[in-house]
Amino acid sequence: MRTMFKSLWALTLMSVFLTSCGNGGSSNKGALSGSVAEKVYVAPGEHDEFYAFVSGGFSGQLAVYGLPSGRLFKVIPVFSVDAEKGYGFNEETKPLLNTSFGQIPWGDSHHPDISQTNGELDGRWVFINENNTPRIARIDLSTFETVETIEIPNTAGNHSSSYVTENTEYVVAGTRFGIPVPQRDLPIDEYKGNFKGVLSFLSVDPEEGHMDMSFQIMMPGFDYDKAHPGRGDSHGWFFFTTYNSEEANSLLEVNASQNDKDFIAAVNWKKAEEYIKAGKFKTLPTNYAHNIYDESTHMATTTWKKEVRMLDPAECPGLVYFLPTPKSPHGCDVDPTGEYIVGSGKLSADVTVHSFSKMIKAIENEQFSGDAYGIPIVDFEAVHAGSVKQSGLGPLHTEFDAEGYAYTTFFISSEVVKWKLGTWEVIDRKPTYYSVGHLMIPGGNSAKPFGKYLMAMNKITKDRYLPTGPEVTHSAQLYDISGEKMELLLDFPTIGEPHYAAGIPADLVKPRSKKIYKLEENNHPYVTKNEQEAKVVRKGKEVHIYMTMIRSHFAPDNIEGVQVGDKVYFHVTNLEQDYDVPHGISMIGANTSELLIMPGQTETFIWEPKHVGVWPFYCTDFCSALHQEMQGYVRVSPKGSKVPISFTLDGDAVDAE
Amino acid sequence: MILGSLFLLGLFVLPMWNITLEAPQYPIPLGMDIYTHKFEDTHEHDIKNINLMNHYVGMKYIPETIPEFSLFPWAVAIMTALGVLIGFTGGYRWFFAWLVLMCLLGIAGMTDFYLWEYDYGHNLDPKAIMNFKNPDGSPMGFQPPLFGSKDILNFTAHSYPRSGAYMMFIGMLLIFWAYRIGKKEAKAS
Chain A
1 MRTMFKSLWA LTLMSVFLTS CGNGGSSNKG ALSGSVAEKV YVAPGEHDEF
51 YAFVSGGFSG QLAVYGLPSG RLFKVIPVFS VDAEKGYGFN EETKPLLNTS
101 FGQIPWGDSH HPDISQTNGE LDGRWVFINE NNTPRIARID LSTFETVETI
151 EIPNTAGNHS SSYVTENTEY VVAGTRFGIP VPQRDLPIDE YKGNFKGVLS
201 FLSVDPEEGH MDMSFQIMMP GFDYDKAHPG RGDSHGWFFF TTYNSEEANS
251 LLEVNASQND KDFIAAVNWK KAEEYIKAGK FKTLPTNYAH NIYDESTHMA
301 TTTWKKEVRM LDPAECPGLV YFLPTPKSPH GCDVDPTGEY IVGSGKLSAD
351 VTVHSFSKMI KAIENEQFSG DAYGIPIVDF EAVHAGSVKQ SGLGPLHTEF
401 DAEGYAYTTF FISSEVVKWK LGTWEVIDRK PTYYSVGHLM IPGGNSAKPF
451 GKYLMAMNKI TKDRYLPTGP EVTHSAQLYD ISGEKMELLL DFPTIGEPHY
501 AAGIPADLVK PRSKKIYKLE ENNHPYVTKN EQEAKVVRKG KEVHIYMTMI
551 RSHFAPDNIE GVQVGDKVYF HVTNLEQDYD VPHGISMIGA NTSELLIMPG
601 QTETFIWEPK HVGVWPFYCT DFCSALHQEM QGYVRVSPKG SKVPISFTLD
651 GDAVDAE
Chain B
1 MILGSLFLLG LFVLPMWNIT LEAPQYPIPL GMDIYTHKFE DTHEHDIKNI
51 NLMNHYVGMK YIPETIPEFS LFPWAVAIMT ALGVLIGFTG GYRWFFAWLV
101 LMCLLGIAGM TDFYLWEYDY GHNLDPKAIM NFKNPDGSPM GFQPPLFGSK
151 DILNFTAHSY PRSGAYMMFI GMLLIFWAYR IGKKEAKAS
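Line by line, the protein sequences are chains A and B.
Just so you know, the first sequence maps onto residues 1 to 657 in the numbering used here.
Just so you know, the second sequence maps onto residues 1 to 189 in the numbering used here.
Wrong hints could be hidden among the right ones.
With the Cβ distance kept under 10 angstroms, some of the chain B side facing chain A (calculated, not the full set) [unchecked claim]:
no.: 1; residue: Pro27
no.: 2; residue: Asp46
no.: 3; residue: Lys48
Simulated DEER-style distance windows between Cβ atoms [to be verified]:
no.: 4; chain 1: B; residue 1: Asp125; chain 2: A; residue 2: Lys518; range: 42 to 50 angstroms
no.: 5; chain 1: A; residue 1: Pro638; chain 2: B; residue 2: Thr65; range: 47 to 55 angstroms
no.: 6; chain 1: B; residue 1: Tyr118; chain 2: A; residue 2: Asp205; range: 54 to 62 angstroms
no.: 7; chain 1: B; residue 1: Asn154; chain 2: A; residue 2: Asp491; range: 54 to 62 angstroms
no.: 8; chain 1: B; residue 1: Phe169; chain 2: A; residue 2: Asp205; range: 49 to 57 angstroms
no.: 9; chain 1: A; residue 1: Pro638; chain 2: B; residue 2: Pro29; range: 50 to 58 angstroms
no.: 10; chain 1: B; residue 1: Pro27; chain 2: A; residue 2: Asp491; range: 28 to 36 angstroms
no.: 11; chain 1: B; residue 1: Tyr114; chain 2: A; residue 2: Lys510; range: 49 to 57 angstroms
no.: 12; chain 1: B; residue 1: Arg162; chain 2: A; residue 2: Asp491; range: 46 to 54 angstroms
Think of the hints as simulated: they come from the structure by calculation, not from any bench.
Ideal Cβ positions, reconstructed from N, Cα and C, are used throughout, including at glycine.
Hey, can you work out the whole structure from these sequences and the hints?
Right, here's the structure in full:
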C-alpha cells in the first residue's frame, strides 16, 4: 500500500512537472514540448499564421486553408463549374472555361505556386495547372478569384506545371503524355521518335499578371513529370524530371520502368530568349484559348491565339541538357540557394541530388556520356552531388527549411524524412497516414522558406476519420518542424485530391484582400448603379432585366410582359458597399445556378420561361433581417401576348420602350 | 488673442464632431465625421451603410448637405477675422465680448445639432419595417446622444467632439488667457 502511495505521489509530481513544462514551453521545442493541441489552437476570432493554397486535384479547384488550424476558408473555383458561386454558370465567368475543345466544365488541378519577387513569395497571385485539358490559371490574391486561364497547345497531361521563376518572369507547362506534334492520324505503336513532349514557357506581365505563351520547346516524347526553377546562381535555368525515356506507349507501369536511369532536363531559358531574339524558332499554326477576367467589367473574355513559337533543342546548342537520374524520377526540387537539384527516383530507395555548379563545370568540360535526340547527356558522376542512401521507399517530393535541411516524402514506406543538405545524413523520420504524396513548407520552394510547419498531403486515408462509406476524404497532416525532430500536430480533411500546396505567411496576403468592389468603378455593360436606372428592355425574343439588389429588396421586383419562349437575361447589380453583404438570386425553374453577387458587382444569368404563370425569384444568401422578404415576381404570358413590358417597385410603375 | 482666433481655422480642415456606431456585426464600427461644411465617412461608404441600417427603423437618410453647411463656415470665418481684428485693436473687454459671442454661437450650434438629432431619431417613417416601443408604450426613438455614449438596440452610439473642435477649445482658452492677462495689465496700470 505504501509503495502504491509513493508511486502515485511520484506520478502526480511528474504530471505537475510535465504540465508546467507544457504551459511554460509554448516556444518551439519540437517533439519535447507538451501540448500539441495548443500548437494548432487558434482562439475564436484570432487569425491563422499562414495561408495554405491547396490544390483540389480532381475537383479542379483550389482550396484556401489556414495553418496551423487546418480550417477551410474558401474553395476557389478554377477549372470546374461551381454552382454555389455561379462560376461557369453566370455569363461573366463562362468564358474562363473556354478551350479549343469547347467549354469544359471540369478540370484536374495539380500544382499551385505563388508569384515571387527576387526569389521570395510576394503574395500577388497563385498559378495552378490543369492536367487533363492542359491549362494554367491565375488567381488574384486581392479577390481570391480566378482571373485568367490559358490553354496550352501541343501538350497533353500538363503535369510539370505551373511553377514560376524567381521574379515570376515565366510560369511553365509541360507534357506528361507524349503526343504527335502537330496532332495527326498515326498508329499508336509508332510512338518512338514520332511522339513529342513539348515544354512551354509563358511570360507573366509584371504589373497585370497576364500570361502570354512566349515560346515552346519541342522535346523528345518522354513524360515530363515535375519541375522547379533555378534560383540564385541557377536563376535562368528550369529543371524538369522525366520518366518513360523508354518511349513506351503501352503497359507503361512495366515498359516505362526498364531504364536504370531517366533524366532531369535542365533548360536554360535565358539561352532560349537569345534564340528567340535571334529568330531561331519555327512558327507553328495552332489554336488555343486565352481567357481573361476583367475586374472593372466583372466579365471574362476569350481571345483565340493562332500560332506559337517553337524551339528545337537539337538546333539550339546549350538550350537543354539531360542529367541522368535513377529510376523514373518524380519530384524535381531546388534548394533555397539554387545549388542542389533533388530528383526523387520514385522506384528507388535513394534520393539523388545534383549540383548546379558541378553541372556548369561538366558542361564547360563537355563531360557528356552521349546524347538523346541531339540533347547532350551530362555524365552522371560529373553532375551528381550525393545521394540520401536507403532513406525510405519511393521518394516523391522534397521541400526545404531555412536551416539547410530537406524534407522528402516517401510514398511506399509512408513517411516524411528529414535530411541534411551536403552531408546527406538522415536526421529524423515520421510516419504519415497514409502514403504521402506532396508536402509543403510555406515558402519551401523559394529562396526564403518559413520553416515552422510542414504539411503532408496523403493519398490514402482509410481509418483516419469517421467513415463516410466507400469514398473517404483525402487527408492532410501538419507537422511542427521547428525543432530537431518533427512532431505530428494535426490531421485535417481536404477537398478532391490535394496534389500540391503553396503556403505563405498571412501578413503577406491579408492587407491586400479586398472587402468590396467599388460600385463607381463597375464598368459592366449591363450595370445598374442606382434604383432609378433599373429597367426592363425587350429586344426581339430577348428580354434584358437591369436589376439592383440592396437590403432587402430587388428593383424592380414585379415584372410583366415576359412571354413563353423568351430568353430573359437577369443583369443584377449588388448596390451594397459594405463588407460581407453579398446577395444571391435565383429564379424558379432556371436551368442554371444561382448568382452570388458581391457588393458592387454585376452578374448575369439567363432564364428561358417555359410555362405561363407568375413565377417568383428570391435572394438566396441570407443577407439581412428581412432576407425572407427579399423576393419578386415575373409574370409570364403566352407567346404573342399583348401584355406590355412593365416593371415596378412598390407600385411605382414605369413603362418601358 | 490673434493666435487663439487663428486656431478656429482648424475647423475648415478638421472634423468638428464624430458619431460612431458599434455593433457585433460591425467589428470595424461605422462612423461619420461632421465638419463645418460637410459630413464624411470615417471609413469609405460608412454613411451609406448607416443609412441602410437605419432604414429598418424608418429613420431618414443622412442628407448629402444641410443649410447649416453654408452658414457655419461663414460664422467661423467672421469670428476668426473679428478675433484677429480685436487682437490688433481692441482691449481685453473686447476679448471677453468675443468669447461671449463665441459661446453663444457654440450653444446655438449645439442646440441646432440637438434639434436635428431629435428629428433624425424621432421623425420616423410610419411604414418603418420595425417598430419598437419603450417600456411605457411610447414609440422608441433612436436619437444619438448629444455628447457621450448610449445603447440603441444592437448599436452603441458614441458622440464626441473631434480635433477641429478641440482646436477651437484651445483657441478659446488662449483667448480667455489673453483676456486675463489683459485684465491684470489693465489693473496694474
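Of all the hints numbered above, which does this structure not satisfy? Sort the numbers upward.
4, 7 and 11
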